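Colleague: Reassemble the complex: the two chains are provided individually, in unrelated frames, and hints are given to aid placement.
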Amino acid sequence: KAGVTQTPRYLIKTRGQQVTLSCSPISGHRSVSWYQQTPGQGLQFLFEYFSETQRNKGNFPGRFSGRQFSNSRSEMNVSTLELGDSALYLCASSLDSRWEQYFGPGTRLTVT
Amino acid sequence: KNQVEQSPQSLIILEGKNCTLQCNYTVSPFSNLRWYKQDTGRGPVSLTIMTFSENTKSNGRYTATLDADTKQSSLHITASQLSDSASYICVVRANNLFFGTGTRLTVIP
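In the order they appear, the protein sequences are chains A and B.
Residue numbering for the first sequence follows our numbering, beginning at 1 and increasing consecutively.
Residue numbering for the second sequence follows our numbering, beginning at 113 and increasing consecutively.
The following block holds chain B by itself, in its conformation from the complex (with noise of 0.2 angstroms):
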């Protein structure tokens, strides 16, 4: 069965630090994994996008790795602001489009 997980669910932190998101999918045949950042009331935003043949890919602060073998992928986000808070969703195209339900960052002050 198609899926795709991440976690945690959500996830609180002070500003300034680092966190780690992931997700981790059963999805096949994998074309390519998509992270997006939802802010609240607005559509998904595309933060990165990775084939099978990349395992690192860099947005400014937000640093995505893939690992094809494990079928896992995590989002690093690095020295965090107050406008990281949203939520992140983790995208898997296989013939068609699944997705994550996403982690809710809060980041606080």
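Excised from the complex, chain A in its bound form (with noise of 0.2 angstroms):
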């Protein structure tokens, strides 16, 4: 069974720029979650899809985006990107929510 997929795996952006991040979960899982990884916060909730709806939102400014497709697929947007959102992007899907949660390898983005 493949794991979660997550491309691209490196990024590198200028401050204002925009990006988009994608995750693809294990085959049958329906939930989503995305987190950002810092050196010094650790692991942050961003948001969780399941079936295509945003089920629950870390506490990120609106310029944090997400959506999910009918396949299960999950994207999310960063737009005006500023030096702070340098970070490691997990994602992880799981059967539900209060399932446990697979993570994918991450998208290592970084601001300049």
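No lab work stands behind these hints: they were computed from the structure.
Treat the hints with care, as some may be off.
[As the list claims (entries may be wrong)] The calculated lysine-lysine pairs, modelled on DSSO-like cross-linking and capped at a C-alpha distance of 27 angstroms, are:
no., chain 1, residue 1, chain 2, residue 2
1, B, K183, B, K113
2, A, K13, A, K57
3, A, K57, B, K183
4, B, K129, B, K113
5, A, K57, B, K113
6, B, K129, B, K169
In this text the structure is predicted, and so the values were computed from the model without any measurement.
Modeller: Following this line, the structure appears as structure tokens:
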């Protein structure tokens, strides 16, 4: 069974640009959650999608948005990038939010 | 306030030695607690999951304990190997997930 895949793995952007990250969950998983991980803050929850609907949202500004498609694949978008957005962005999938989450390898975003 | 605190922040041990990582939480209502291992540049991988009624669970050389009364958990690693070098993250589920900031373990030869 293929694991969670994220693309791209690495990305370099400049301040003010926007970026879209993609996540393909494990087949059959309908819940996809996104996290930001920085050395100082650890893992921070961005949002969770289930069956194309945002079910939970963390405490991030509106520049961070996401969506989920009918095949459960998910994208997150960050607009007007800031230097502080440099981080590892992790996607996790599960059957439902109360089941075990399986993490992807992450996308390393660097904003210069 | 729901919080998960881990200690120590970092730890260096010699190969073959044992070590114990700590996780204290103030999350409620408690549902379960997981320990994850995260290798550098990779996503976290679940090691153990513990519910309210479980106080010990093992996964190979990893043994997790849970004291729901004091809201403390520990992860004990036996006979450490170089491949154990990673960050270990404690995650507590209530209505949402609450993450600790992790313990960075380095095993040296």
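Colleague: Kindly indicate which numbered hints from before are broken by the structure, ordering the numbers from low to high.
Modeller: Number 4 - this is the single hint that the structure violates.
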